[in-house]
Amino acid sequence: MNLIHIFLLLGMAAFVLQADSLQGLLKTVVSVWPPGSKVYLGESVLLKCAVESNSTAQWGFEWDKPKTVLTLNPRHVVSNDSYFITAVTREDAGSYRCKARQTSSQPVELIVSELTPPSLILAPSTRYIFSGERFSMRCPSSQTNAKGWKLRHYSPDCTQRRKAVQGDQCSPLECAVITNRTDACVFNATIGNSGLYWCEGPEGRSNSVRISASYDNIIMKTPAFPVFEGDKVILYCQYKTTNYNDTTFFKNGAVVSVMPSSPNNEINMTIENVTKKDEGSYKCASPALKMESTESWLSVRPKSDTPGQATGNGLSCLLDLYFCFLFLYRSGFFIATDTRCWVLGNVGHFPKKTCQQCRFLQLSRT
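Residue 1 is where the sequence shown starts when you use the working numbering, and the numbers rise one by one after that.
Derived by calculation from the structure, the hints in this document are not laboratory data.
Because the structure is a prediction, the values reported are computed rather than measured.
Certain hints may be false.
Said to hold, decoys possible - DSSO-like mimics (lysine-lysine), calculated; alpha carbons at most 30 Å apart, straight line: (1) 67 <-> 27; (2) 48 <-> 27; (3) 65 <-> 277; (4) 290 <-> 303; (5) 240 <-> 65; (6) 99 <-> 150.
Unchecked claim - For each label pair, taking beta carbons as the anchor points, the in silico distance ranges come out as: (7) 148 <-> 268: 14 to 22 Å; (8) 257 <-> 53: 46 to 54 Å; (9) 50 <-> 111: 42 to 50 Å; (10) 263 <-> 131: 30 to 38 Å.
Ideal Cβ placement from N, Cα and C applies to all residues, glycine included.
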């Protein structure tokens with residue numbers, strides 16, 4: 001054996017020893033956002049994988065669900081160290097873990113709660129918003145506790161979430177925490193303001209929602225939170241510019257409706273009496289323009305899941321209406337055509353119907 005072969009063997013041995021040593025120093029950890037193992041039906045959840053190591057190496061990650069085969073799911077978006085669940089269902093309960101260089105994390109458990117949490121107020125009620133458009137957030141309020149809530153924001157790009165913003169400030173949020181603000185905050189849809197939003201307070205936490213600022217030319221808008229069987233639901237396909245061609249709506253990949261062109265940039269599809277069968281992944285497309293939106297999930301809950309609210313549904317609905325108009329006023333907008341709601345129902349019958357999520361169409365600057 002010549003010297004070259006000896007040096008090669010020594011080099012390989014050193015590499016193996018170094019790799020084994022690095023393997024022993026690795027610790028892979030999964031965090032859950034919003035924090036905690038309890039999650040709510042229809043909300044958004046992020047699992048984040050991190051490697052605790054002194055190495056500056058770039059890591060590749062794999063995700064699995066012990067004792068269960070992970071299959072392709074339109075509600076689940078996996079991107080290296082991030083695992084997003086867009087809208088939680090009962091099937092999402094269980095353990096999750098990630099792996100980096102054959103080192104697996106300890107599993108984290110997601111427990112799906114059937115209870116209805118305090119509701120984060122979002123206007124417009126949609127997960128996808130064109131970049132540069134505005135949206136508002138407000139924490140829940142009750143007769144006994146109007147303050148004490150903290151609006152929180154987290155995205156995969158956030159390295160920390162310890163920054164606190166005073167109650168009289170709103171934007172830019174970008175991974176910060178807003179405390180003790182009882183009215184709505186209005187944000188511009190940007191990459192920095194995309195991500196998870198939820199509220200924390202003395203009564204626990206609210207449901208959470210993932211906001212995505214879209215730079216595409218077409219988006220599909222479904223209600224950001226679950227609707228209930230029997231409600232009237234309107235789904236919107238929005239174009240950045242006016243579309244004079246037919247729009248095709250899809251559910252779980254199959255065509256469900258073809259709508260004619262419209263003079264504005266928004267085409268809608270109405271479900272008059274929504275049922276559990278209508279739950280699924282929706283998208284829209286313009287075959288003539290060769291445009292297709294990202295899929296958006298519609299969550300539907302049975303009427304039997306509609307519990308009474310301890311904080312008083314009537315007061316909450318009136319507050320929702322007030323903050324919808326406050327959103328318009330603070331944004332410098334006025335209603336150019338009309339005001340519609342995602343969910344139409346008789347708000348006089350509580351707790352059979354949920355409070356309305358207001359949505360404003362064709363807003364123009366004053």
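Each hint, compared with the structure:
{"no.": "1", "hint": "67 <-> 27", "in the structure": "holds, 22 Å"}
{"no.": "2", "hint": "48 <-> 27", "in the structure": "holds, 14 Å"}
{"no.": "3", "hint": "65 <-> 277", "in the structure": "holds, 27 Å"}
{"no.": "4", "hint": "290 <-> 303", "in the structure": "violated, 39 Å"}
{"no.": "5", "hint": "240 <-> 65", "in the structure": "violated, 39 Å"}
{"no.": "6", "hint": "99 <-> 150", "in the structure": "violated, 33 Å"}
{"no.": "7", "hint": "148 <-> 268: 14 to 22 Å", "in the structure": "violated, 38 Å"}
{"no.": "8", "hint": "257 <-> 53: 46 to 54 Å", "in the structure": "holds, 51 Å"}
{"no.": "9", "hint": "50 <-> 111: 42 to 50 Å", "in the structure": "violated, 22 Å"}
{"no.": "10", "hint": "263 <-> 131: 30 to 38 Å", "in the structure": "violated, 24 Å"}
Violated hints, listed in ascending order, are 4, 5, 6, 7, 9, 10; each of the other numbered hints is respected by the structure.
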